[in-house]
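Quick note, the sequences are listed as chains C and S, same order.
Following my numbering, the numbering of the first sequence begins with 64 at its first residue and continues without gaps.
Following my numbering, the numbering of the second sequence begins with 6 at its first residue and continues without gaps.
Be aware that a few hints might be false.
[As the list claims (entries may be wrong)] Quick list of the computed label-pair ranges, beta carbon to beta carbon:
id	chain 1	residue 1	chain 2	residue 2	range
1	S	Glu75	C	Gly250	47 to 53 angstroms
2	S	Asp18	C	Glu365	17 to 23 angstroms
3	C	Asp78	S	Ala25	44 to 50 angstroms
Because the hints were derived from the structure by calculation, they are not lab data.
Glycine included, each C-beta is placed from N, C-alpha and C at the ideal position.
The residues making up each chain are set out below.
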Amino acid sequence: MTERKGVVIVGEFSDANLAPISSELLAIGRKLADESGQELSAVFIGNEISDQVTNEAIFFGAERVYVIDAPLFKDYLNDSYVGALEQLDKEIMPETLLLGHTSLGRDVAPRLAFRLDTGVTLDCIDLSIDAETKLVEKTKPVYGGNAIAKYICEEGRPQMATVRAKAVSPLGRDASRSGEIVAFDPGLDEVAMRGKVVGRVKEEVAGVKLEDADVVICGGRGLVGPEPFEKLHELAGILNGAVGATRHPCDAGWCPYHYQIGLTGKLISPSLYIGIALSGSSQHQAGMSGSKIIVAINNDPEANIFGIAHYGVVADYQKVLPSFIEKCGELSSKKGPDIGIEIQKEGRSQNE
Amino acid sequence: MINIAVCVKQILDPEIPAKAFKIDPEAKRAIPPKGAELVISDYDESAVEAALKIKDSYETKITVISLGPESAKSTIRRCIAMGADEGILLSDALFDDSDSFATAFVLAEAIKKLGDFDFILCGRQEGDWDAGQVGSGIAELLGIPSVTMIGKIELKNEKAIVERVISDGREIVEIPLPALLTVGSEIGEARYPSLRRIRDASKVEIPTWNAENIAVAKSRNKMLTLFVPTREGRCEFIQGENPEEAGSNLAVKLRQAKLI
Ligand SMILES: Cc1cc2nc3c(=O)[nH]c(=O)nc-3n(C[C@H](O)[C@H](O)[C@H](O)COP(=O)(O)OP(=O)(O)OC[C@H]3O[C@@H](n4cnc5c(N)ncnc54)[C@H](O)[C@@H]3O)c2cc1C
Numbered sequence: 064m065t066e067r068k069g070v071v072i073v074g075e076f077s078d079a080n081l082a083p084i085s086s087e088l089l090a091i092g093r094k095l096a097d098e099s100g101q102e103l104s105a106v107f108i109g110n111e112i113s114d115q116v117t118n119e120a121i122f123f124g125a126e127r128v129y130v131i132d133a134p135l136f137k138d139y140l141n142d143s144y145v146g147a148l149e150q151l152d153k154e155i156m157p158e159t160l161l162l163g164h165t166s167l168g169r170d171v172a173p174r175l176a177f178r179l180d181t182g183v184t185l186d187c188i189d190l191s192i193d194a195e196t197k198l199v200e201k202t203k204p205v206y207g208g209n210a211i212a213k214y215i216c217e218e219g220r221p222q223m224a225t226v227r228a229k230a231v232s233p234l235g236r237d238a239s240r241s242g243e244i245v246a247f248d249p250g251l252d253e254v255a256m257r258g259k260v261v262g263r264v265k266e267e268v269a270g271v272k273l274e275d276a277d278v279v280i281c282g283g284r285g286l287v288g289p290e291p292f293e294k295l296h297e298l299a300g301i302l303n304g305a306v307g308a309t310r311h312p313c314d315a316g317w318c319p320y321h322y323q324i325g326l327t328g329k330l331i332s333p334s335l336y337i338g339i340a341l342s343g344s345s346q347h348q349a350g351m352s353g354s355k356i357i358v359a360i361n362n363d364p365e366a367n368i369f370g371i372a373h374y375g376v377v378a379d380y381q382k383v384l385p386s387f388i389e390k391c392g393e394l395s396s397k398k399g400p401d402i403g404i405e406i407q408k409e410g411r412s413q414n415e
Numbered sequence: 006m007i008n009i010a011v012c013v014k015q016i017l018d019p020e021i022p023a024k025a026f027k028i029d030p031e032a033k034r035a036i037p038p039k040g041a042e043l044v045i046s047d048y049d050e051s052a053v054e055a056a057l058k059i060k061d062s063y064e065t066k067i068t069v070i071s072l073g074p075e076s077a078k079s080t081i082r083r084c085i086a087m088g089a090d091e092g093i094l095l096s097d098a099l100f101d102d103s104d105s106f107a108t109a110f111v112l113a114e115a116i117k118k119l120g121d122f123d124f125i126l127c128g129r130q131e132g133d134w135d136a137g138q139v140g141s142g143i144a145e146l147l148g149i150p151s152v153t154m155i156g157k158i159e160l161k162n163e164k165a166i167v168e169r170v171i172s173d174g175r176e177i178v179e180i181p182l183p184a185l186l187t188v189g190s191e192i193g194e195a196r197y198p199s200l201r202r203i204r205d206a207s208k209v210e211i212p213t214w215n216a217e218n219i220a221v222a223k224s225r226n227k228m229l230t231l232f233v234p235t236r237e238g239r240c241e242f243i244q245g246e247n248p249e250e251a252g253s254n255l256a257v258k259l260r261q262a263k264l265i
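Excised from the complex, chain C in its bound form (with noise of 0.2 angstroms):
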């Protein structure tokens, strides 16, 4: 058998851009290929893929692009993605796969390491290579955030991981390295493909994405009720902000469940993070502790988010909350457009 070599990361992009994730997947596999001698290769799966996304992948790293790029992977199906991994694997037997913790990855992933008879590790924070034993060293948040857990596969291979997003800074982007672009064919049966995409809903954001966002305002259990979202866009308004939310609003209906910040949520890093009736539990934290600046509304003193928190009022959010506002649209610098309650709309996107 030929030994396995290399270190590959599953890119993702949307139109002609690559996405953030895999320029940051790029820099910690890059990180893996060096520390252990091997060669970095990323591969993108889709339907007329831009030279530019390619391209960029080269200045952000990668020596190597495999390109699978075909009709039957316009739209985002398992069968396919994961089959199309398979060969690949097949043909350039790798030593280590890495995916994002993104959509794709989270799917892809775990039904390719089955596959493969090999065992993966999801939503890592960090990825190194183990002194002793030489094998990637995967570091996972456990226990919701509570607590943090450190893997290797000792079974089977490729050793695969997934990287949350925004837990790794990008390389330098540097236009001058050049590497080799391979076209790829794992020549699939398009009949044997199960399932169809037969319909699509997006999201429109009025205002500022949630993950984008340089201030967030998030709200939670404690608000009891859709109402005070009301308030907490007039204040995101004032702050050129976008609003979020814990889980409990959105189970219950007094938010949109793409307002969830967290683990299962959306992940967020924005310079101000301001929490209001909320806790802070681990799985919430999760998404938001990369925030710069955190301050938190909670009337119990002894509230986890205390913990965390660079500023803290201690009392009822309702007495709060409207001298609060009023005092920040006096002070704002930052006003911004009326972002409002969202919408969605029936719509297509590109491949995420």
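Got chain C; can you put chain S with the ligand on it based on the hints?
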């Protein structure tokens, strides 16, 4: 008749406050604090709810399968009280400390033995180790199609039309049966069983299968260490004569720090 298998896991209450959370670094697992409850993993409850929504409209039989210790029978009984028809426990010292690979293997073996299902439902990820792979693993081992992170299921001409929740919206996917689906809380709040049903379910016999009945696989991943990250307290509490004044003082503070 639609046949559904739902895989559920009993876990330590994931909502115990961080301050009460302790681990045993030798055994590499959490130490349940006094009075902490064992509960059904959140998203597994969503999977049970998804099965019951199908049962609301079609003639359906729901079988609940759990791998775990004897105590997991109470979780299975809760699912029966919610409306599932029967349950089975997979329990053996050889199953302990299984990673996702070994867990999915045992569950898939049990499902094969139990017979033909139209749907196999799992939660999108477990509430303790947050591994998020057992559902997809079972699908792969059984060789059936899977769609993960489902918020809605409909049936149409022997196929399922499901809504998959993705980062910027939803995808509507048509999938042939049998299929494995992993479910998120978007499916809707899980129904609460009546006291009478809880009482009835408490009398239901739950058969147990062990390693004599089902094959075991070796774990692929090995945990090297488990630790609790340290968090530094640094919060500056903003005061005022009253909460209203504290609110405006907070705004002043944020302005001084050039944050707003
Ligand atoms: C597998 C799994 C995944 C999860 N994923 C997520 C996730 O992605 N995101 C997420 O957020 N959660 C998630 N959760 C849920 C999480 O465990 C917590 O239940 C949730 O974050 C708690 O939300 P909360 O802080 O709003 O509510 P609570 O914990 O109930 O806190 C409410 C807080 O509001 C305060 N309060 C009440 N009234 C007032 C008032 N009038 N004025 C001021 N303060 C007030 C209370 O003191 C309390 O601290 C997940 C759970 C599991 C098991």
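Hint check:
no.	hint	verdict
1	Glu75(S) / Gly250(C): 47 to 53 angstroms	50 angstroms, holds
2	Asp18(S) / Glu365(C): 17 to 23 angstroms	18 angstroms, holds
3	Asp78(C) / Ala25(S): 44 to 50 angstroms	47 angstroms, holds
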